[in-house]
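Make a model of the complete structure from these sequences and hints.
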Amino acid sequence: MDPKQPEEIAGEGLPLLEPGHTFGSITDKISSIVLTGRTPRFWYVCFGVGFIFVLVLLFCIAAVVSIGIGLFGVMIPVAWGFAIVNFVWWIGIGHAGTLISAILLLLRQKWRQSINRFAEAMTLFAVACAGIFPLIHLGRPWFAYWLFPYPSTMGIQPQFRSPLVWDVFAVSTYFTVSLLFWFLGLIPDLATLRDRARGRVPRFIYGMLAMGWRGSAQHWHRYESAYLLLAGLATPLVVSVHTVVSFDFAVALVPGWHSTIFPPYFVAGAIYSGFAMVLTIAIPLRRLYGLEDFITLRHLKNMGIVMLATGMIVAYGYLMETFMAWYSGDIFEKYMMMNRMFGPYGWMYWLLILFNILIPQLLWFRSLHTNELVLFAIAICVNIGMWLERYVIIVVSLHRDFMPSAWGMYSGTIFDYGVLAGTLGLFLALLFLFIRILPMISIFEMRELVHKEEGRSA
Amino acid sequence: MAESTVIKNQLPLHGLMAEFDSPEHLVDAARRAFAAGYRRMDAYSPFPVDGLADAIGFHHTRVPLIVLIGGILGCVGGFFLQYWVAVIDYPINIGGRPLNSWPSFIPVTFELTILIASLFAFFGVLALNGLPMPYHPVFNVERFELASRNRFFLCIEAVDPRFDLDATRRFLEEIGSLGTYAVEP
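Protein chains in written order, with my numbering: chain A, 1 to 458; chain B, 1001 to 1185.
Derived by calculation from the structure, the hints in this document are not laboratory data.
C-beta atoms are modelled at their ideal positions from N, C-alpha and C, and glycine is treated no differently.
Incorrect hints may have been included.
Pulled a few chain B residues facing chain A out of the computed Cβ check, cut under 7 Å [claimed, not checked]:
id: 1; residue: ASP1042
id: 2; residue: ASP1089
id: 3; residue: PHE1105
id: 4; residue: VAL1108
id: 5; residue: ILE1114
id: 6; residue: ALA1117
id: 7; residue: SER1148
See the structure below:
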């Protein structure tokens, strides 16, 4: 037996996979969730709640498109409100999925294997939710294609020196690459479902989607090569996406935005909120579907540790923002920081410090790493805290910038809250739809894990 | 011998398929088949098995080259798209700044590099694997549906010059096949 692997020591004996599983038992367990004829009652409840909010979303979008952007609370000086806050928040959530599936793959972290599939799905749905916001925020979303360079009869072209145009390319590339990566990972599992399905219709649909995958050694060889390369491409991509999002702010001159720490601080914040969302989803799901054997306490513990680490980077970001505001000697920067802490929105700043910095410090206690309820509560706090962070950065910086005569206040309207709640519903509905029709854990990677774990114990 | 490789619908067999119950047995069998001189064969497993492609004599893949080409096309194409827009098609003079302000073209160049390389990776692997493939003879073997569950298969194809229905069947049984099946075309 070779000496202990580093990750085994870090795991302190918690298994990645409960013992006793075989290739067959894993295949049957995961595919039965999809292929069962009986849909569990909680599925209807969760999907139903999500669907109701999808209707709210559709109503709000229809109202905003037909009546106008004035239904949102945005006005000068705060011309970027909820829509941009929500956009940045959702995009950030997506980042954990790519981190788990791509970066942890490159780092050969085996604990990614039971959580990567639904984390990638979460990425796709989060980016889909994020994409809605800039689109409706355009005011005239039917002209969104003007953002792409095409030979237009108007004879004009997009401005490639603008971070907002970079954002269009970054986010659409991110969505496309995440989709390809996710689908490539699904192909062998779709073949499994094709072979397991008993009805003609599911057999036909999964068969078409699997495209004739037969698990040939030559296919696997190319497949692994492509999968690894896609992971290698997705890794710098995920860093670039939130960097470009942060450029939307950092390139502007507004105090509180114009800062070089924004790119790393945004990327860390994105991963932080993303892991919080993965935990928020994983903890109830493993219970509801009895997947405790596959998504073990070891996974939850590791995600908690990643959250603590990225949370500390975010804390450093807050600290540096405050320090630079003082050190710059710039009166507007100094005022921005005082206003952020003690101005009309000060309560939000302190709430975000509480949710993002203070409460997650509980993760230093080892005994809490495996306490699902505590992890879930911390994850919810971080989700809220990160939303508040974006609100503070965007709204609080804009509402008092330079000239006191140009100051103003902002608050979201019922339509702002409606669209936010609606995207949460869309996310929930898409997630449960995904869980019902596709395997939420990568079956072939779990078989590989069984094989490797067997080899180690043998 | 010619008659026995022909079955009732007059088409020659696709090959003979042997079943194994573990990846180690499959790799071992594939190695021995290769050593015995068989070249036209393929192995099937429910997950990627280390060394299996090597064992059947398949070492190189062109996927990385395709991805590299995609990346270069995306990078060069992406930059010149912006150059063409900003310098040739729609030049705007803002405070006398240079039209070819290349540093601000880098983010989109980068994104397009990743985008095109990823598209090439995805569609490249599908094309090299010949997918989508609506029909393949291996699916005629009833047990083959376990290839996506917990069984491992080695198929020696009839086009291999050393293929002989009886001798190959005997060979597969010798190397530990749990069941040997004729693969109808």
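Right, here's what the structure says about each hint:
1. ASP1042: This interface hint holds because 5 Å falls under the 7 Å limit.
2. ASP1089: holds (6 Å)
3. PHE1105: holds (6 Å)
4. VAL1108: holds (5 Å)
5. ILE1114: Because about 5 Å separates ILE1114 (chain B) from the closest Cβ in chain A, which is inside the 7 Å limit, the hint holds.
6. ALA1117: With a minimum Cβ separation of about 6 Å from chain A (threshold 7 Å), the hint on ALA1117 (chain B) holds.
7. SER1148: holds (4 Å)
Checked against the numbered hints given earlier, the structure satisfies every one of them.
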